[in-house]
Amino acid sequence: MDNEFYTLLTDRGMAKIASALADKKQIHLQKMAVGDGGGQYYEPTASQTKLRHEVWRGEMNTLTVAPNNPNWLIAELVLPEDVGGWYVREVGVFDDEGELIAIGKFPESYKPLLPGGCGKQVCIRLIMEVSNTTAVTLTVDPSIVLATRDYVDVRLDEHEHSTNHPDATLTQKGFTQLSNATDSDDETKAATPKAVKAAMAEARNQTHTWNQITGVPDGTLTQKGIVQLSSATD
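Going letter by letter, the sequence shown gives residues 0 to 233 in numbering that gives the first Met the number 0.
The hints are simulated quantities; they were obtained by calculation from the structure and are not laboratory data. Hints are supplied without guarantee of correctness; some may be wrong.
[Claimed, not checked] Calculated cross-link-like contacts (lysine-lysine; reagent style BS3-like; alpha-carbon spacing at most 30 Å):
1. Lys172 to Lys188
2. Lys49 to Lys15
3. Lys49 to Lys24
4. Lys49 to Lys30
5. Lys172 to Lys193
6. Lys30 to Lys119
7. Lys172 to Lys196
8. Lys49 to Lys119
9. Lys30 to Lys15
10. Lys49 to Lys23
[To be verified] Each pair of labels, with its calculated beta carbon distance range:
11. Pro111 to Trp71: 23 to 31 Å
12. Glu96 to Ser46: 12 to 20 Å
13. Thr175 to Arg203: 24 to 32 Å
14. Arg124 to Asp182: 54 to 62 Å
15. Glu107 to Trp71: 18 to 26 Å
Glycine is no exception: its CB is placed at the ideal position from the N, C-alpha and C atoms.
Using the sequences and the accompanying hints, generate a full structural model.
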């Protein structure tokens, strides 16, 4: 496989997946690691239990089924800005027991370090082929996972095209429909500025019942009552 880039399930990984399928359980993938291969490319083998020369390990970001192949799992790791200064030539996927489940030969990629004048996140993706993707799941610490721009764009796009938008109520925020009605008792719609303006105009034009009250005394310096306002200062 010289000069090819590929991913292998390790012997231990295949055994764990087979056992999970037989017992109707799941294995929990948790971390990914990158290595420089000891300074050069080499051909990973299924018998490996670790990378040849690991340089960094972190929480796996996402684990998804490939949209064009139901037997492919796409594992993603984000290398943050504050790590680097080395090349990536090998990648490993580990479960929550720390065992190497898959290993890949990766196209050589240099991860710069911020003090070197260039700091950036680098996304590492590894494709694993399994007979049944339901036997594998992802266990993550959400406080550590970093969101890539692609991930955010996908989630926003899914949200825009979904219909799972709750309606607004008197007790919670949500989506609502506007209304121009000024004589409605509906509590599920929001009034437009046009409706508010019309309601205020209607209120100003009405003869209020308090204008027709009789027997109420005038206000004086010593008692409360009805008064007439004045702008005069002299």
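*Regarding the pair Lys49 and Lys15, is the alpha-carbon distance no greater than 30 Å?*
holds, 16 Å
*Sort out whether Lys119 lies within 30 Å of Lys30, counting only the CA atoms.*
Satisfied, since the Cα-Cα distance of roughly 21 Å is no more than 30 Å.
_Distance restraint evaluation - Thr175, Arg203, Cβ atoms, bounds 24 to 32 Å_ = Holds - the Cβ-Cβ distance for Thr175 and Arg203, about 27 Å, lies within 24 to 32 Å.
*Taking 30 Å as the top limit, are the C-alpha atoms of Lys49 and Lys30 close enough?*
With Cα atoms ~13 Å apart, Lys49 and Lys30 stay inside 30 Å; holds.
*Hint says 18 to 26 Å; check whether the CB-CB distance for Glu107 and Trp71 agrees.*
The hinted range 18 to 26 Å holds for Glu107 and Trp71, with Cβ atoms some 23 Å apart.
*Can the restraint linking Lys172 and Lys188 be considered satisfied, given a maximum Cα separation of 30 Å?*
holds, 13 Å
*Is 12 to 20 Å a correct range for the gap between the Cβ atoms of Glu96 and Ser46?*
Holds: the Cβ-Cβ distance is about 18 Å, inside 12 to 20 Å.
*Taking only the CA atoms, is the gap from Lys49 to Lys23 under or equal to 30 Å?*
With a Cα-Cα distance of about 27 Å, the restraint between Lys49 and Lys23 holds, given a limit of 30 Å.
*Does Lys196 lie within 30 Å of Lys172 when you go C-alpha to C-alpha?*
Given pair Lys172, Lys196 holds - Cα atoms ~24 Å apart, limit 30 Å.
*When you take the CB atoms of Arg124 and Asp182, is the distance between them in 54 to 62 Å?*
Taking Cβ atoms as reference, Arg124 and Asp182 lie about 59 Å apart, which means the hint holds.
*Given the proposed pairing of Lys49 with Lys119, does the C-alpha separation stay at or below 30 Å?*
holds, 27 Å
*Lys172 and Lys193: Cα distance at most 30 Å?*
With Cα atoms ~23 Å apart, Lys172 and Lys193 stay inside 30 Å; holds.
The structure meets every hint from the earlier list without exception.
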